[in-house]
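J.: Residue numbers (the working numbering), protein chains in the order written: chain C, 1 to 384; chain Y, 1001 to 1314.
If you're looking for bench data, these hints aren't it; they were derived computationally from the structure.
Some clues are possibly wrong.
[Said to hold, decoys possible] Simulated restraints, written as ranges between beta carbons of each label pair:
{"id": "1", "chain 1": "Y", "residue 1": "1304", "chain 2": "C", "residue 2": "231", "range": "42 to 50 Å"}
{"id": "2", "chain 1": "Y", "residue 1": "1089", "chain 2": "C", "residue 2": "186", "range": "17 to 25 Å"}
{"id": "3", "chain 1": "C", "residue 1": "186", "chain 2": "Y", "residue 2": "1268", "range": "41 to 49 Å"}
[Stated by the list, open to error] From the structure, some residues in chain C lie toward chain Y, with a derived Cβ separation under 8 Å:
{"id": "4", "residue": "165"}
{"id": "5", "residue": "169"}
{"id": "6", "residue": "173"}
{"id": "7", "residue": "343"}
[Claimed, not checked] Sample of chain C residues with no beta-carbon within 10 Å of chain Y, all distances over it, derived:
{"id": "8", "residue": "73"}
{"id": "9", "residue": "129"}
{"id": "10", "residue": "164"}
{"id": "11", "residue": "202"}
{"id": "12", "residue": "283"}
{"id": "13", "residue": "347"}
Backbone N, C-alpha and C fix where the C-beta goes; we use that ideal spot for every residue, glycine too.
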Amino acid sequence: MKRLSAFLTLLRSRVKDLLSSPRLLSAIIEGGRMLIAILIAYLVAFMVIGIVSDDPAMAIRWFVLGPFSSATEFGEVLKNATPLLFAGIAACLIIRGGNFNMFTEGAFYAGGLVTALVAIGFEGPGFLAIVVPLAAGTLAAMLIGYIPAKLKAKYEVNEFVSSIMFNFIVMWIGIWLISNVVIDITSGDNATAPIPDASRLRILIENTNVTTGLLIALVIAIIAYLYMFKTRFGFRLRMTGDNRAFARGVGIDVARAGISSQLLGIGVAGLGGGVEILANYHRFNWKTLPGFGFDGFMVAIIAKNRPLLVPLAALFIGYLRSGADLMAFNSDVAQEVVQIIQGLILILVASEAFFSSAWFRGLLAKRMFRRKRFASATEVDRHA
Amino acid sequence: MREFFQLFATPGFYAMILQLSTPLVFAALAALVSNKAGVLNIGIEGAMVSAALSAALLSTLTGSAALGVLAGVLAGILMGLFFALCAVRLRTNHILVGIATNILASGVAVFIIYAVTGNKSDYPGIAMTPWNVPILKELPFIGEILFQNANPLIYLAVIAVIAVRFLFRRTVLGVRILAVGKNEVAAASVGISPARVKTIALMIAGGLAGFGGAYLSLGYMSGFNTGMVAGRGFIGIAAEAIGAGHPVATALFAVLFGAVNAFSLAAQTFPSFAIPYELLNTLPYLTTTIGLVIYSVLRYRKAHPSPTHKEIKP
């Protein structure tokens, strides 16, 4: 009895410690913020659906519950989440290094195209038929991505603008290739020859479209975590991103850290493009940019730039997408309603003021005094 | 090769340059006004998309192109206000707000078109009637370029350049925007509200982008389609970066990119020109990148003079 009570006191104090630890508290607050942001975004989306749909209840039911209606539908969630997982990890690496290199978008395209071409040309034995094309796609993406990264590090060329221009250039060169050079006329489309079966990724779960690509993505997420948080290279990368001047001051080669973070991110995106093609396409036929690059930044922000949270964020966006697809198929609402949700979540989650302590103070001040004095005091704080 | 030289002798080519430059000039000016207020505004692309769609929608709804343009500008201003709310009030990272507004704008555009028409890419609009300036249009060559079938918004782009220059040179608001962009704390200490000034600047920028978007759907084409902005907002940002914050230089670089765009389109019609159109389409983006790199290298050299350079100069 005595022992039990001693144990209980110990347990109580442990729990108390845990509850009062700042990490847990901030995790709870962050989680709460995230939930409220998602809730607001959903509310807006439901209002929009309510306005445009003749049968909003039906549309919303498909949107929210559709993905759970069968194993096949849930498989679609996992399938949609796979490229987002790659893109999210890529964005994590790039943002943590302090850059906004959007070439992840072009990297998906280039990686996919080169992977498909190598898979068609190289008919290697066994698993090499998958590994070699994927490696080639990754390398090709990194080679192109090296240019904007190096230009940023050497001459401070705005990497955001230059990488977006590179995206368009890569896309048009790719379209030129698949409609002139590597076109397979028998396909009746501007597309490459079919990808051999030996190179296609295996189905992982029966009756779904989930392939081994998901496993590759998860492994990449874990490797990215280990790299960023358990190696000195990762430490340099995070230091450079958090405080460039300080990192330079303690002797970190910030230019190199910046380049390597962008290159790794772009490599992951290129691999993601290759996996997407080998998993879901019989031929490469993309005539627009796939959009995963931008999505990746959103996934990374929702995951708070933590690689181990990226799978969750990717799963969530994948769920949104497959729900929207089902809704578009079964009702009169276009799936682009997802973009409204995504945009709002991105803004609210990334906001420093939304649901922060200052925000609460401002709200309280307004409620209690009904005067601007308190609010303007916080305004001054902010600028001081 | 003969077609190549003929191209530069036809007034139609220069008229095309003006047409393609106009949206870029508006986008670049929008980038300039936001940049002066210390905000990197990537949402210009999204503002142009929503303006182009609103202009097309309102023009068919009311039957008047002028009201369509007005709606486009209003949509642009609203997007600017939205950007300001997110970036200034909610203090979200500017680049992320930009990405989010672009996602929102393109999503909402497709969503609206689908809800109204049932297809996902096009919406018709009523094009503005081009102006024919009497007497001046009779001028040889120049009259054909500048005063025949010219869209009013092309003239407005020129006026906008002067107006933006005037704004920063001669008005209190302009100086306040500059002050906030240079040093927010110092501006706040003399009683300027940085939040308000930034909001106003972003709304002006949104309005300018709105003119660019409205021009695309009611001037350059008659109707909206989803891919029509095609990175023009970003090219505008690049032109502003190279123009180093000077309105006239910025506009000139925008015209340069417009000229490359016009060339890439015109060259597709040459029978003997063997370059496929897909590769010609990369030209505007390629020149933008090269221009940006050259500018950045020059700026870098200026900021970090090489030691050998110093030795030569006593």
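J.: Now tell me if each hint is right for this structure.
T.: Here is how each hint holds up against the structure:
{"no.": "1", "hint": "Y:1304 - C:231: 42 to 50 Å", "verdict": "violated (31 Å)"}
{"no.": "2", "hint": "Y:1089 - C:186: 17 to 25 Å", "verdict": "violated (57 Å)"}
{"no.": "3", "hint": "C:186 - Y:1268: 41 to 49 Å", "verdict": "violated (27 Å)"}
{"no.": "4", "hint": "165", "verdict": "holds (4 Å)"}
{"no.": "5", "hint": "169", "verdict": "holds (5 Å)"}
{"no.": "6", "hint": "173", "verdict": "holds (6 Å)"}
{"no.": "7", "hint": "343", "verdict": "holds (4 Å)"}
{"no.": "8", "hint": "73", "verdict": "holds (23 Å)"}
{"no.": "9", "hint": "129", "verdict": "holds (30 Å)"}
{"no.": "10", "hint": "164", "verdict": "violated (5 Å)"}
{"no.": "11", "hint": "202", "verdict": "holds (33 Å)"}
{"no.": "12", "hint": "283", "verdict": "holds (18 Å)"}
{"no.": "13", "hint": "347", "verdict": "violated (5 Å)"}
When the structure is compared with the earlier hints, violations turn up for hints 1, 2, 3, 10 and 13 and for no others.
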